[in-house]
Amino acid sequence: MLKCTINGKEVQVKAGATIIEAYMEAKENIAHYCWHPGLSIAGVCRMCMVEIEGNPRLQIACNTKVAEGMKINNTSAKVKESVEWTLGFHLINHPLDCPICDQAGECGLQEYYMSYGKYNPGMAEQKVKKNKVVDLGSKIVLDSERCILCDRCVRFTSEVSKTNEFGIFNRGDHAEIGTVDGMPVENNYALNVVDICPVGALTSKDFRFKQRVWYLKEFETVCNGCSTGCNIKVHFNENGLYRVKPVHNEAVNGYWMCDQGRDLYKFANKEFRQIKATKNENGHVVTLSAGAAAKEVGAMLNKSSGLALVLTGQYTSEEYNSILSYAKNLSAEIYYWKNNPESWDEFDGILYRGDHNPNTKGLELELSSAGIKAKDLKDLYSAIESGKVKTVVVAAPEVQKNYENLEEVFNKLNKADQLIWLTSGRNDLFEKANYVIPMKSFTEKKGTFVNHKGIEQKISKGVTIVSESLSLSEIVELFKGNDLVGFNIPTYERPQLLGGV
Amino acid sequence: MFQLSADGKKKVQEYLKRYETKRSAIIPALYIAQQENGGWVSPDVVKHLSEVMELPMTHINEVLTFYTMFNKKPVGRHHIQICTNVSCSMAGGHDLADYLCERLGVVDGEMTKDGRFTISRAECLGSCDTAPVIQINIDDYIENVDKAKLDQLVNQLK
Chain C
0 MLKCTINGKE VQVKAGATII EAYMEAKENI AHYCWHPGLS IAGVCRMCMV
50 EIEGNPRLQI ACNTKVAEGM KINNTSAKVK ESVEWTLGFH LINHPLDCPI
100 CDQAGECGLQ EYYMSYGKYN PGMAEQKVKK NKVVDLGSKI VLDSERCILC
150 DRCVRFTSEV SKTNEFGIFN RGDHAEIGTV DGMPVENNYA LNVVDICPVG
200 ALTSKDFRFK QRVWYLKEFE TVCNGCSTGC NIKVHFNENG LYRVKPVHNE
250 AVNGYWMCDQ GRDLYKFANK EFRQIKATKN ENGHVVTLSA GAAAKEVGAM
300 LNKSSGLALV LTGQYTSEEY NSILSYAKNL SAEIYYWKNN PESWDEFDGI
350 LYRGDHNPNT KGLELELSSA GIKAKDLKDL YSAIESGKVK TVVVAAPEVQ
400 KNYENLEEVF NKLNKADQLI WLTSGRNDLF EKANYVIPMK SFTEKKGTFV
450 NHKGIEQKIS KGVTIVSESL SLSEIVELFK GNDLVGFNIP TYERPQLLGG
500 V
Chain A
0 MFQLSADGKK KVQEYLKRYE TKRSAIIPAL YIAQQENGGW VSPDVVKHLS
50 EVMELPMTHI NEVLTFYTMF NKKPVGRHHI QICTNVSCSM AGGHDLADYL
100 CERLGVVDGE MTKDGRFTIS RAECLGSCDT APVIQINIDD YIENVDKAKL
150 DQLVNQLK
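For the record, the sequence lines run as chains C and A.
Under numbering that gives the first Met the number 0, the letters of the first sequence match residues 0 to 500, in that order.
Under numbering that gives the first Met the number 0, the letters of the second sequence match residues 0 to 157, in that order.
Extracted from the complex, chain C is given alone in its bound form:
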């Protein structure tokens, strides 16, 4: 460990650490555009100038290593003047179109202009015109004029996604980022370049012009797109969810997430949701409140025999815990609905896994701790045909698009006398079930997902989108005939199993 002083604060850093890392350690502000902790060092933006005691010249913090006893500051007039000049150069050809720029409000140029700039630009020259509104495929729009050539996107596509789409073409003040012949950037990690772009050069087609960022709030949770369980923050306001960005977690996803996962917030929004419970009485569909439907179903389940419960890996461990103990009391058979289990072991080498369930491990843990051996869906089909199973309760997948055989399974299960379909997502198909009850999406409930490595991660309730929707734990209470007033989700303790799963 090395000791150094950052703006008067003493910090310890690992040998070989750079000054900018020491700044992060000391939680001191330092201006930077090109440096990103998840990428290699470029040293091109020259914004992170620091003064090192005993060194007559300013140094860039991102590419200078800390030495024992170094006294570093970036608060002196000399540093401030230098950063101000550097920023001035960055802005020479910048169009200053903030009012129509999607990045406004979270833009590095705006931020540092407020702390270092606030001068009248002395540039009387014409600005260089570059390509604007360049369509880079289905995900990204490029505005070359706004770019400050930090080359983060170039390093991301060469180091992380290894797809090498972005490059810096031409020279001098004509230099601009782009792809060869405007080739679209369609790799599954493409939208990370939008996140790391410090200015408005790369913007997301999905989010573009949808909302000003200062009208958005955020909360952190875990992605439910696959068994990796990337840490994410969801940006939302009173009209719904708008976008998802990754949150750094070295043990799980590093700094990134995939574009598949970024898309899933849509399914939590109202237009894709089951809003009310429905009841199908001989082909006549009646709408009723979720609570009333759950109580009706509960009363029916208490009386019926030949019960089956179908589970998917899309719910939290707490929910599995409650519903499994309820099912045990009613001696219901448990069936496990696996989507594409043959590709569960697939992995793209970065983050995206073939198992598109956030909590497969959690479900398996709960099943084995309850001593239940879940049966395959095929057994359920034959049990329904033979009349052994009369009533089927299905905790249906939240992300329907990851369950390609959804329609087929639904139709087969609907042959049972009673089908109770618990779902957060809407689908016209479901109305044929005897009961459909709206469930909470992953953004509306507290709980635990256990990822493929067995890492337990808490998801948090950030929003309420469908106010009537229920979690499995809540629905169990209603099934039992209890009220939800004062009901708290039981605190979760991970079952200790020898050897694990």
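Some hints here could point you the wrong way.
The following residues of chain A were derived to be distant from chain C, with all beta-carbon distances above 12 angstroms [claimed, not checked]: (1) Ser23; (2) Glu61; (3) Phe65; (4) Ser86; (5) Lys112; (6) Ser126; (7) Gln134; (8) Lys146; (9) Asp150.
In silico BS3-like links for lysine-lysine, alpha-carbon gap of 27 angstroms or less [unchecked claim]: (10) A/Lys71 - C/Lys131; (11) A/Lys72 - C/Lys131; (12) C/Lys445 - C/Lys414; (13) C/Lys79 - C/Lys64; (14) A/Lys21 - C/Lys161; (15) C/Lys244 - C/Lys204; (16) C/Lys161 - A/Lys16; (17) C/Lys161 - A/Lys46; (18) A/Lys46 - C/Lys131.
A few chain A residues that face chain C, going by a derived Cβ cut-off under 10 angstroms, partial list only [unchecked claim]: (19) Pro42; (20) Lys46; (21) His47; (22) Val51; (23) Met52; (24) Leu54; (25) Pro55; (26) Met56; (27) Thr57; (28) His58; (29) Ile59; (30) Asn60; (31) Thr64; (32) Tyr66; (33) Thr67.
The set of hints was computed from the structure by calculation and includes no laboratory data.
Note that beta-carbon positions come from the ideal geometry of N, C-alpha and C, so glycine has one too.
Mind docking chain A on chain C? Use the hints.
Here is chain A on its own, set in the frame of chain C:
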């Protein structure tokens, strides 16, 4: 579809071995390819080189667009570059360029309709003592140029 000749391919392979990183061989490889492709580098050339050198197209395009000595547009059989840097300019380089453009009915960087010439102004060609100087294609230098010499050249070159 552009393909390097067997000989060209061999040369590119040799350059790939010569340097520590493959990217260092991009400039010589582009020169070889440019010559084989009639004096310019088309998108096809970039694609072919990326396959031969096993490098992403982006890396090759970055080098290609950085250097003005690679032509991104088709050029005539005789690419006449007139030096207009300080010495040549003082010795009348710009006048010569204007004269030649007018005579051939083209503007700077344009190719004549018959595909014989492309005229462009170049930065210092490193022969200031014999200014003004012009360079034709890659290797021909013509020194102490005047209008008469240019006329002679235009008549001579087919």
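Q: Quick one: which hint numbers does this structure break? Sort them smallest to largest.
A: 2, 3, 12, 21, 22, 23
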